[in-house]
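A.B. asks: Listed below, chain by chain, are the residues.
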Amino acid sequence: MNRKLILTGLLICVVTLLSGCSEQQQLHQKLIVQGVSIDRNDEIYKVAVQALDFQNPMNEDEPSIKLMEVEGISVMEALDNISKQTSLRPVYSQNLVLILGEEAAKSGVSNFIDFFVRHCETRPKVQICVSKGNASEVIKIKSGEKFLKSKNIHDLVPIELNSDVLHFVSNLKNTKTDPWSAWLEVEDKNGIKSIHLKGVGIFKEDHLIDFLEGEEAFGFMILKGVPNFGSCTLNSEECGDVTCIIDKVVPKINAEVQNSEVLKFYINLDIIASTFSLDKNFYTHSFESISEVVEKKLSNKLGNICSDVINKTLKLGIDVFEFSKILRNTYPSYFKKIESEWNKILPNLEYKVSQDVKLKATGKEPV
Amino acid sequence: MGYIKHFMDVYIHGKNQKPQPKSRGFLSKSLSENIEFFKREFGKTADLSIKYLNIQDVPSAFITIGGMVDKNTLTNSVIFPIVQAKIEGSTNKEKYEYIRDNIVAACDQLQVSNYDDAFNMIMSGFALFAMDGCDCMLSLGVQGFSFRSISEPSSEVMQRGSREGFVEPLMINMTLIRRRLKSTDLKFELTQIGSVSKTSVCLCYLDGKVSKEILSKVREKLSQVNLESIMESGYIIPYLEDQGDFSLFSGVGMTERPDTVCGKISEGRIAVLIDGTPNALIVPYLFVEYFQHLDDYAMHPYFATFTRWLKYAAFLLSTLLPGLYVGISTFNPEILPGPILSKIALAVGTTPFSLMLETILIHLIYEIMREAGLRIPRPLGHAVSIVGALVIGETAVSSGLIGGPTLMVVALTAISSYVIPNLYEPISILKFAFIVVGGLLGIWGIMILFTVVLVNICSKNSYGVPFTSPLAPFNIFAMRDVLVRSGWSFLAKKRIRVQDLPGSEVRDKNDRR
Amino acid sequence: MEKRPCISVGQMFAMLFVSRMVVTMTYGTLLIGDSDIWDHLISAGISFILTFLLVLPIYKLFKMDNKMNVFDNLRDLMGKYGYIFILIYVVYYLVVTLHTLTIFDNFISNAINPPISISLLSIFLLLSSCYGAYKGLEALSRTSTFIIVATVCSLIFLSISLFSSIETINFKPLMYNGYESVAEGTLYMISQSSCIVAMGLLLPMACGSKLRGIIIWNIGVYLSFALVIMLVVGTMGDFADTQLFPVYTAASIGKFGSFRHLDSLYLGIWICGIFLKTSLFLLLASEGVKKIWGEKIRRRFILGFSVILSISTFFIGNFSLLRGTFITEFLFFFLIFNVVIIPLVLIFLKKRKLSKEEKIFES
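Residue numbers (my numbering), protein chains in the order written: chain Y, 5 to 371; chain F, 30 to 542; chain R, 51 to 413.
Be careful, since some hints might not be right.
[To be verified] Chain R is nowhere near these chain F residues, computed Cβ spacing over 10 angstroms in every case: (1) 58; (2) 100; (3) 172; (4) 225; (5) 508; (6) 536.
[Unchecked claim] Straight-line Cα separation of at most 27 angstroms, DSS-like style, residue types lysine-lysine; simulated pairs: (7) Y:356 x R:222; (8) F:372 x Y:153; (9) R:222 x Y:208; (10) R:305 x Y:129; (11) Y:228 x R:305; (12) Y:150 x Y:177; (13) Y:228 x R:222; (14) Y:340 x R:222; (15) R:222 x Y:177; (16) Y:70 x F:372; (17) Y:8 x R:340; (18) Y:268 x R:222; (19) F:372 x Y:146.
Note that these hints are calculated values from the structure, not bench results.
Each residue gets a CB set at the ideal place from its N, CA and C atoms; glycine is no exception.
Using the sequences and the accompanying hints, generate a full structural model.
C.D. replies: Here it is in C-alpha cells:
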C-alpha cells in the first residue's frame with residue numbers, strides 16, 4: 005500500500021516537473037544585454053540596448069551585436085518594449101555599462117536607477133557613465149562596420165574611479181554625500197568617430213549638475229586615486245617644458261575638529277609621477293637635479309588643481325569627496341550635532357591640500 | 030592436502046554447510062546396485078563414464094565424468110598400479126582397504142560413504158573407485174579439466190606490480206593468495222551455494238585481523254542465498270549488501286587481482302572467492318576505496334596523491350558536468366564567461382533540439398556505442414570505433430544536429446568516467462538524472478539532487494562500518510590514505526583495520542589476537 | 051531499550067553550524083526591517099553571550115541524566131501531560147521548517163527570479179528533505195561533514211575575494227543611530243537560534259565533549275556572522291540597505307582571479323544548507339511524533355507532511371506570517387519557552403523526583 009502511494013506521488017511529481025519543460029527558453033532565444041543607454045527627450049525616455057544576437061551571427065564563432073532603440077514614458081516601460089520588439093527575453097546579468105544622457109541625468113536618476121539596483125539579474129558592478137548630449141551616440145558608435153563592443157566602452161573607465169552602480173547608489177542613498185560618474189564623449193574627427201573618457205559628471209543628489217573636464221577632471225581623478233588620467237605640463241627655467249604622468253596616487257583625507265567648533269579637512273596626496281619630454285638640459289643635468297625642480301613645480305601645480313576642484317564642488321554644495329562620511333567616522337558625536345546643518349556648512353568647509361610628489365626615473369637615465 | 034581436508038570438512042562432514050533438503054542415502058555393498066543408482070540419477074547423460082574392471086576376480090569400477098579427469102594420470106597412476114599389484118586380503122573389504130592404503134596412497138584421496146558426497150566428488154572432477162562388497166567408495170584427485178592460464182586481468186591493468194590475475198578454478202585462486210600471504214592466519218573457509226549449481230564459495234580472511242562479527246554476518250548472508258545457480262560473482266552481491274538500503278553505490282567490492290585481495294584482507298576485510306569466476310568480492314567495501322588503486326601504492330606518494338585527486342575530480346566531473354552544462358546554459362547563463370556563453374548560444378541556436386534533449390540524446394548514442402563495443406565480436410570492434418567517430422564526432426556536428434560544445438562535454442564526461450571504472454554504473458545513471466534535473470530546475474535542482482545523492486551515500490553502512498568512513502565520520506589519521514597517499518614509512522606506522530574506522534558499529538573491533 | 055543513533059559531537063555541531071549558516075547567508079532586510087546592519091556587529095557579540103546562557107538549562111538537564119533527551123524527560127517526569135509539551139516541540143520544529151522553506155521561496159523569487167516554477171523547486175526541495183529525514187540522523191550528520199567543509203571553504207573563498215574591495219570609509223561608528231538596531235539585531239539572532247532547541251534532542255545522541263562542542267560552535271557561528279557583516283558593510287556601504295539579501299549581492303561582487311560571479315558558489319552551498327536544515331528539523335519533529343504515536347506513525351508523518359506541504363507550497367509565497375518581522379518575535383518567544391521555561395520546569399521536577407527517590411532509598 006505504502007509503496008503504491010509513494011510511486012503514485014513520484015509519478016505525479018515527475019509529471020508536474022516535466023510540465024516545466026514547456027516554458028523553457030533556450031540560450032539563443034535570450035537577448036544577452038551588454039550595454040544600455042538612457043536618454044530623455046520631451047518627457048519620453050529613449051533607451052538604446054546593445055545586445056548579443058545569436059539568431060543572426062556574424063560567423064560560426066561570433067554572435068553579431070544588435071542595437072535596439074525603444075522608448076516609453078518610463079525606463080521600465082521602454083525596456084519592457086524590447087521583448088515586444090524582438091520576442092526575445094532580455095537578460096541583464098551580462099550588462100556591463102549604463103550610459104546616461106545629459107537630459108536624463110539632469111532630470112534625476114532616481115526614476116530609473118532602481119531597476120538597476122533591484123532587478124535580480126543586474127549586477128552592482130555595472131559601469132555607470134554620463135554623456136553630454138545623447139547617450140545613444142556612445143553606444144551606437146561603430147568601429148569599422150561593427151558596433152563597438154560594450155566591453156571596450158567599459159574598459160575605458162578606470163576601476164579606481166568607482167563609477168559603478170554600487171558606489172553611485174551608495175552615495176545617493178547616503179543623504180549627505182553625492183554621486184559622480186565617468187563622462188564619455190563621442191568625438192568626430194574628419195568623419196571618424198571615437199569615444200573618449202572626457203572627465204567626470206558630478207551629481208547633486210540624483211541630478212547631474214555639472215561636468216568636470218580638463219584640469220578639473222584631472223584634479224578629481226587625483227583626489228579619487230585614479231592614476232594615468234591625462235598629463236600635466238610644467239614649465240621651468242631649468243628644463244623647459246616637462247610633461248608628467250601620474251603613475252600612482254594615494255589620497256588620504258582626515259578631519260579635525262578643534263574645541264568642538266573649528267572644522268578642517270586635511271587632504272594628503274602621495275603621488276608618484278614619471279616625466280617625459282624634457283626639452284632642455286636633458287643631456288647636461290643629472291636626474292636628481294632635474295627631479296627636485298620638477299617635483300616642486302608639479303607639487304604646487306597639483307595642489308592648486310586639487311584645491312580648485314574641491315572649491316568648485318563645495319561651491320556647488322555637493323559632497324563627492326565623502327567629507328561627511330569621514331567626519332562621521334572620526335567625530336561621530338560632533339557630526340551628529342551638525343548633521344542637520346551639513347548642507348549649509350559644506351560650501352564653507354575649510355580644507356588644506358598637501359602633496360608629496362615623487363618622480364620616478366623612467367626610460368634611459370639622462371647623462 | 031590442506032584443501033582436500035577442507036573439502037572433506039565441507040562436503041563429507043558437512044561443516045559450514047547448511048542441511049541438505051533431501052538425502053539420497055548411503056552407498057550399497059553391491060557394486061551393481063551402486064552403478065545402477067548412478068545411472069538412474071544421471072539418466073542419459075553422455076559424460077558419465079564407468080570403467081568396469083575385475084581386480085583379482087572382484088568386480089570393480091571407476092566412475093568419472095568425461096573431460097573432468099586427466100585420463101593419463103588415471104590410467105598410469107591409478108588403474109595400472111591397481112591392476113598390476115598383488116593385492117592382499119581375503120575379503121573384498123580388505124582388498125579395498127589394501128588398495129586404498131598401499132597402492133594409491135600417494136594420490137589425493139577421500140572415502141565417501143553416501144551418494145550425495147559421491148555425486149559432489151565426481152562432479153568436482155574426482156574419480157570414484159568402487160568395489161563390490163564395499164559400502165564406500167574411494168574418490169581420487171585426478172582432476173584434469175582444462176582452464177584458462179593465469180594472465181593479467183584486462184579490466185584491472187596496472188602500470189607496475191604483478192601481472193597475475195585470478196582465473197576461474199577456485200583452488201588456483203586460493204593458491205594465488207596463499208603464495209602472497211604466507212601466514213598461518215590466512216584462512217580459507219569453503220562453503221557451497223546454489224541449489225543446482227552447488228558452486229563452491231570460499232571466504233578468505235586473516236584471522237586476528239578480521240572482525241568475528243563481520244565474518245559471522247557474511248556467513249549468515251551467504252547462507253541466505255536462495256539461488257539455483259551462481260554463474261558470476263555479481264549474482265551474490267545483492268545478498269551481501271544490506272537489505273532494504275537502496276543505493277546506486279555498492280558496498281561490495283570486486284577485483285580480479287590477488288594482490289588487491291591480499292591488501293584488503295590485511296586490513297580486516299573478507300574476500301569471497303567464487304568457483305568459476307575470476308572476480309573476487311570484498312566486504313566491507315567503502316566509498317573511498319573506489320578511488321584507491323593498487324598502482325597508487327607503487328608510485329611516488331606525491332604522484333599518487335595527485336592521481337587520487339584526479340580521480341575525485343573525474344568522479345565529480347563525470348557525474349555533474351553534463352547536468353551543470355545543461356542547467357547553467359538554460360537557466361543561469363550569468364555564471365558563464367562571455368566568450369563561452371557566446372559559443373554555447375551559437376551552437377544551441379543551430380541545433381533543432383533543446384539543450385537538455387540534445388545532451389540526453391548524445392549520451393544515449395554514446396552508451397549504445399559503448400555497449401555495442403563491448404558485445405561486438407572483436408574483429409568488428411574497429412568498425413564500431415570508426416562508425417562512432419564518424420557518427421558522433423563528425424557527422425552529428427556538421428549536419429547541425431548536435432552542438433560542438435555538447436559533444437565536448439559528452440566526450441569529457443565519458444573519458445572522466447573511465448578514470449574510476451568500478452563506479453561506471455552509478456555514474457552513468459546519475460549523469461542522466463542530473464541532466465534531467467538540470468534541464469528542468471537549473472543549478473538549484475542540481476544542488477538539491479547532489480545533496481540527496483550525498484545523503485544516500487552517507488546513509489549506507491557496509492557491515493556496520495559507515496560507507497563514507499573515514500571522511501564522514503571523519504578521522505584525520507585515516508586521511509593519510511584518502512586525501513593524500515602518504516609514504517610507506519607513515520602508512521606502515523599503524524595499519525587501520527576496517528572495523529576500527531570511526532563510526533563503526535562492529536562490537537569486537539578492539540579484539541586483537 | 052530502543053537503539054539510538056550515535057553521532058559524534060563534531061558531526062552534531064557541524065549539522066547545527068550549517069543550519070545556522072543558512073540563516074546567516076539569508077540575513078537581510080526581509081527579516082530585520084530597516085535595522086542598521088553594521089550595528090549588528092554588537093548584536094552578534096551580545097547574542098554570543100546570550101546563546102551560552104540559553105544553552106545552560108538544556109545542558110543542565112542533559113547533565114542530570116545524559117541518556118535522556120527532552121522528550122524522554124517530558125514523558126518520564128510529566129507522564130501523559132508530557133505529550134502536550136512534546137507536541138509543542140513538534141510544532142516548533144515544524145514552524146522552523148516552514149519558516150526556512152519560506153525564506154528559500156522568497157529568496158529564489160526575489161533575489162534570483164528564475165524562469166522556472168518556484169513551486170516545483172520548493173516541492174523538489176521538500177521531497178528531498180523528507181528523504182533526508184527518512185534516512186535518519188546518522189545519514190544527515192555524515193552529510194553535514196561534507197557540507198560544512200564546503201561551507202567553510204566558500205566562506206574563506208568569499209572573504210579572500212571580497213577583502214580587496216573593502217572600503218574602510220563604509221565602517222561608520224557603531225550605534226550611531228542609537229541602540230534600536232542592536233536590540234533588533236539581537237532579537238533576530240536569538241530568534242533564529244533554533245539550534246538550541248535542537249540540542250535538547252541531539253545532545254544525548256552525541257558522543258564526545260559536548261561543552262567543548264557548544265563553545266566552538268557558538269564561537270564559529272558568531273565569528274562567521276561578524277565576518278559576514280564586515281564583508282557586506284565594508285564592500286557595499288549604504289548600498290547594502292537597498293538589497294533584500296545583501297550577503298548574496300556581496301558574493302556577486304567578489305572576484306578571485308578569473309573567478310567571478312561567486313554568487314553561484316554561494317547559492318550552491320546555501321541550498322545544501324537549506325536542505326540539511328529542513329531535513330534535520332523535520333526529523334526532529336518526527337522524533338516527537340514517534341515518541342507519542344510510535345515508529346509506524348513517524349514514517350507516515352514524514353510522508354504525510356511532505357504531501358501536505360507540497361500542496362501548500364503553491365500558496366506558501368502568500369504566507370506572509372512566516373516572513374517579515376512578526377515571525378522574529380514569535381520565534382523568539384517560542385524559543386524562550388522551549389529552551390528556558392520547559393527545561394527549567396523539568397530540572398525542578400527531576401530534582402524533586404531524585405530527592406524523593408533518595409528519601410525512599412534512605413528509609
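A.B. asks: Is residue 222 (chain R) within 27 angstroms of residue 208 (chain Y), Cα to Cα?
C.D. replies: Measuring from Cα to Cα gives roughly 22 angstroms; hence the hint holds.
A.B. asks: With 10 angstroms as the threshold, tell me whether residue 58 (chain F) passes as away from chain R on beta-carbon distances.
C.D. replies: About 58 angstroms separates residue 58 (chain F) from the closest Cβ of chain R, which puts it past 10 angstroms; holds.
A.B. asks: Given the hint that residue 222 (chain R) pairs with residue 177 (chain Y), does the C-alpha gap stay at or below 27 angstroms?
C.D. replies: Holds. Residue 222 (chain R) to residue 177 (chain Y) sits at ~15 angstroms (cutoff 27 angstroms).
A.B. asks: When you check the alpha-carbon spacing of residue 372 (chain F) and residue 153 (chain Y), does it fall within 27 angstroms?
C.D. replies: 17 angstroms, holds
A.B. asks: Can the restraint linking residue 305 (chain R) and residue 129 (chain Y) be considered satisfied, given a maximum Cα separation of 27 angstroms?
C.D. replies: Holds - the C-alpha atoms of residue 129 (chain Y) and residue 305 (chain R) are around 11 angstroms apart, at most 27 angstroms.
A.B. asks: Under the criterion that the straight-line Cα-Cα distance not exceed 27 angstroms, is the pair residue 372 (chain F), residue 146 (chain Y) satisfied?
C.D. replies: 23 angstroms, holds
A.B. asks: Holds or violated: are the alpha carbons of residue 70 (chain Y) and residue 372 (chain F) at most 27 angstroms from each other?
C.D. replies: The hint holds at about 17 angstroms.
A.B. asks: Please confirm whether residue 172 (chain F) is truly not at the interface, meaning its C-beta sits more than 10 angstroms away from all C-beta atoms of chain R.
C.D. replies: Holds, because the least Cβ-Cβ distance between residue 172 (chain F) and chain R comes to about 49 angstroms, which exceeds 10 angstroms.
A.B. asks: Has the given pair, residue 8 (chain Y) with residue 340 (chain R), been kept, meaning a C-alpha gap of at most 27 angstroms?
C.D. replies: 23 angstroms, holds
A.B. asks: Quickly compare the C-alpha distance for residue 150 (chain Y) and residue 177 (chain Y) to 27 angstroms and report which way the hint goes.
C.D. replies: Violated, because 38 angstroms separates the two Cα atoms, which is more than 27 angstroms.
A.B. asks: Below or equal to 27 angstroms on CA atoms is what counts here, so check residue 268 (chain Y) against residue 222 (chain R).
C.D. replies: 19 angstroms, holds
A.B. asks: Does the no-contact call for residue 100 (chain F) survive, Cβ to all of chain R over 10 angstroms?
C.D. replies: 60 angstroms, holds
This entry does not satisfy hint 12, going by the numbered hints stated previously; all others are met.
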